[in-house]
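Please model the complete structure; the sequences and the hints are all you need to start from.
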Amino acid sequence: MDYTDYARRIRSHASLGELSEYGQVHEGGRDYPLFRLIVPGDRWLVITSGFHGEEPAGPLTLAKHLPDIVAYAKSRGVGLRVYPCINPSGFEDGTRYNRSGEKPNNDFMRYEVAPGEWRGELVGDPSILRWALYDGGPKETRAVRTDLARFPAPDAALDIHQDNYLGGVATYAYVFGDKAAYRPLQEAAAAHATVVKSRKVDDNAYADEHGLIFFHDGSVTDWYMRQGVPYAAALETTTPTTQDACDAVNLIWIRGFIDLAARGEGPTR
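Numbering of the sequence shown is given in this note's numbering, commencing with residue 4 and proceeding in unit increments.
Since the hints were derived computationally from the structure, they do not count as laboratory data. Note that this is a predicted model, so its numbers are computed, not measured. Virtual Cβ for every residue (Gly too), placed ideally from N, Cα, C. Mixed in with the good hints, there may be bad ones.
[To be verified] Cβ-Cβ distance ranges computed for the label pairs, FRET-style:
1. E190 / G170: 21 to 31 Å
2. V116 / S15: 42 to 52 Å
3. E190 / R133: 35 to 45 Å
4. Y209 / P243: 19 to 29 Å
5. G80 / R186: 20 to 30 Å
6. E120 / E190: 32 to 42 Å
7. P155 / K182: 20 to 30 Å
8. R122 / N167: 19 to 29 Å
9. T245 / S15: 21 to 31 Å
10. G119 / A191: 38 to 48 Å
11. P243 / A135: 35 to 45 Å
12. G267 / A191: 15 to 25 Å
13. Y209 / G32: 39 to 49 Å
So this is what it looks like as structure tokens:
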């Protein structure tokens, strides 16, 4: 989809809250606006989507269903900060990375596992000396991280992705916090896509019997977990899954995360 058309769809929702541009990125001779929608509430959920351009389902779900999402959040007293499409040139080109070949996503933070030895991912969950924000990385990550850091940590954070590697119609999720809170969401999602259970999904990730994965990967949800956010997850549906099915799964998790944010447990430190 041409990003100009996508931007038009997002701008059509301006009446739902405070819709603004938190920045722009320049790619291929074009300036691409980066959108953020804020809807006030007593508790807060952050929704991010579109880090990878060949994973269009999340941005499309948000563009189509924002009115229903906002209405449900308001009914639960939950405020929203929504970043619907973080990598616009990748989204427009249908490529995983941006047009410059930079790789937005796993570059919010780094872990020091030994003096002077820093890693972006913790394979096997080893002990760490400390973690720190990563100042490098693609322009898209720097832009969204700078904006997210302007606000207090939310009550919950959901990052919507897709899996372009596994075949079939399927779903799973990377999660932090109490896994029991996410199992009902997986049970509901199973009506629309097969939940990937008890199997490897990539070189360093293995889904448990509920289709849930715990993995420190330097992503936005990992960063929020380190800030004490009690509920943080990256949802995956496979790219062969139809958009309607992706919408259904994404909305189950979005509504579920609104409900989790409404608990008001807040970040722990």
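Hints versus structure:
Taking 21 to 31 Å as the suggested C-beta distance range, the pair E190 and G170 conforms, at roughly 23 Å. Checked against the hint of 42 to 52 Å, the C-beta distance between V116 and S15 comes to roughly 47 Å, which is consistent with it. E190 and R133 have their C-beta atoms about 38 Å apart, which keeps the hinted 35 to 45 Å range intact. A hinted range of 19 to 29 Å for the beta carbons of Y209 and P243 is consistent with their spacing of about 21 Å.
Against the hinted window of 20 to 30 Å, the Cβ-Cβ separation of G80 and R186 comes to about 24 Å, which satisfies the hint. Distance hint for E120 and E190: a CB-CB separation of about 41 Å, consistent with the stated range 32 to 42 Å. Taking 20 to 30 Å as the suggested C-beta distance range, the pair P155 and K182 conforms, at roughly 25 Å. Separated by about 24 Å at the C-beta atoms, R122 and N167 satisfy the suggested range of 19 to 29 Å.
Separation of T245 from S15 is about 24 Å and conforms to the stated range, judged on CB atoms against 21 to 31 Å. For G119 paired with A191, a C-beta distance near 46 Å keeps the hint of 38 to 48 Å intact. Between P243 and A135 the C-beta distance comes to about 38 Å, which sits within the given range of 35 to 45 Å. Checked against the given bound of 15 to 25 Å, the beta carbons of G267 and A191, roughly 23 Å apart, stay inside it.
Look at Y209 against G32: about 43 Å separates their beta carbons, and that is inside 39 to 49 Å.
In summary, this structure violates none of the numbered hints.
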